[in-house]
Amino acid sequence: MRKNHIVFFFFISLFTLQGQVNPLVTKDSLAQREWVEATYGKMSLDERLGQLFMIMVNSDQGMASTEKAKKLIRDHHIGGVIFSTGGPVRQAQMTNDFQSISKIPLMIGLDAEWGLAMRLDSTYAFPWNMTLGAITDNAIVEKVGNRIGIHAKRLGVHINFAPDIDINTNPKNPIIGNRSFGEDRENVAQKGAAFMKGMESAGVLSSGKHFPGHGDTAVDSHKALPIIDFSKERLDSIELYPYKKLIKEGLSSVMVAHLSVASLEIREGYPSS
Numbered sequence: 002m003r004k005n006h007i008v009f010f011f012f013i014s015l016f017t018l019q020g021q022v023n024p025l026v027t028k029d030s031l032a033q034r035e036w037v038e039a040t041y042g043k044m045s046l047d048e049r050l051g052q053l054f055m056i057m058v059n060s061d062q063g064m065a066s067t068e069k070a071k072k073l074i075r076d077h078h079i080g081g082v083i084f085s086t087g088g089p090v091r092q093a094q095m096t097n098d099f100q101s102i103s104k105i106p107l108m109i110g111l112d113a114e115w116g117l118a119m120r121l122d123s124t125y126a127f128p129w130n131m132t133l134g135a136i137t138d139n140a141i142v143e144k145v146g147n148r149i150g151i152h153a154k155r156l157g158v159h160i161n162f163a164p165d166i167d168i169n170t171n172p173k174n175p176i177i178g179n180r181s182f183g184e185d186r187e188n189v190a191q192k193g194a195a196f197m198k199g200m201e202s203a204g205v206l207s208s209g210k211h212f213p214g215h216g217d218t219a220v221d222s223h224k225a226l227p228i229i230d231f232s233k234e235r236l237d238s239i240e241l242y243p244y245k246k247l248i249k250e251g252l253s254s255v256m257v258a259h260l261s262v263a264s265l266e267i268r269e270g271y272p273s274s
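Per the working numbering, residue 2 is the first one in the sequence shown, and the count goes up by one each step.
Keep in mind that the hints were calculated from the coordinates and are not lab data.
In silico BS3-like pairs for lysine-lysine, Cα to Cα no more than 27 Å straight-line:
no. : residue 1 : residue 2
1   : Lys-224   : Lys-69
2   : Lys-144   : Lys-246
3   : Lys-154   : Lys-104
4   : Lys-154   : Lys-28
5   : Lys-104   : Lys-69
6   : Lys-173   : Lys-233
7   : Lys-249   : Lys-154
8   : Lys-173   : Lys-245
9   : Lys-71    : Lys-154
10  : Lys-104   : Lys-28
11  : Lys-72    : Lys-104
12  : Lys-43    : Lys-28
13  : Lys-246   : Lys-233
14  : Lys-71    : Lys-43
15  : Lys-233   : Lys-249
Restraint-style ranges between C-beta atoms, simulated for each label pair:
no. : residue 1 : residue 2 : range
16  : Pro-172   : Asp-122   : 29 to 35 Å
17  : Asp-237   : Glu-269   : 19 to 25 Å
18  : Leu-50    : Ser-123   : 36 to 42 Å
19  : Arg-49    : Val-90    : 31 to 37 Å
On a predicted model such as this, the values are computed, not experimentally measured, just so you know.
Cβ coordinates follow ideal geometry from the N, Cα and C atoms, glycine included.
Whole structure, please, built from the sequences with the hints as guidance.
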């Protein structure tokens, strides 16, 4: 993702209660729901639109960058912040600062696929997904997800944009590679579900990515538009397989990729993003 750009994420909320304690639902959830309804009813159209956006912020870019973010929070009522590079102490301080000036509590996000160290200095790094994909015991992957969730929650993060559930069928992929659990759809789905459950058990939302599938590309979507030239049948049987599995398991959200998927396009050249 590019620095200093406003990034829009399409969230698919899929929370359910299935006769067991849901760590993402608090004891006072009814009171919270009532507060949300009452607050939303008082918001202007501009304020409601602002809630659809998150801005990217780096805690290592100085005061000018911080002030720019504050202005967006005050003037455009943005819904959240996704932190990128920096350090844990600085990020915690900025989170508290941003929350104090926002009329509506901000959703705080982070890209921490293998832990906070993916973005932040002096923090713990866990194995990349390719390593976790080689583990036969999914319970270990769930424990890794749980520990990453604990670290994220301590930092005030509500949503970690993980797990990456791309099926890495192209060994020349320049951007996914070790971020994937592997090339087998069932293994990717199982490992992704275990990671998701572990992280959400710590009270942190999950996000499956990069929808509808970035595993069979030879282009970095940060630099150009990758083309996915597969039929709907192929996409449904391979790329979309982990999403269908994880959504049934309670996946919190899906991150849409910047891809050209001809078989799914509304019009030619219209990217998924």
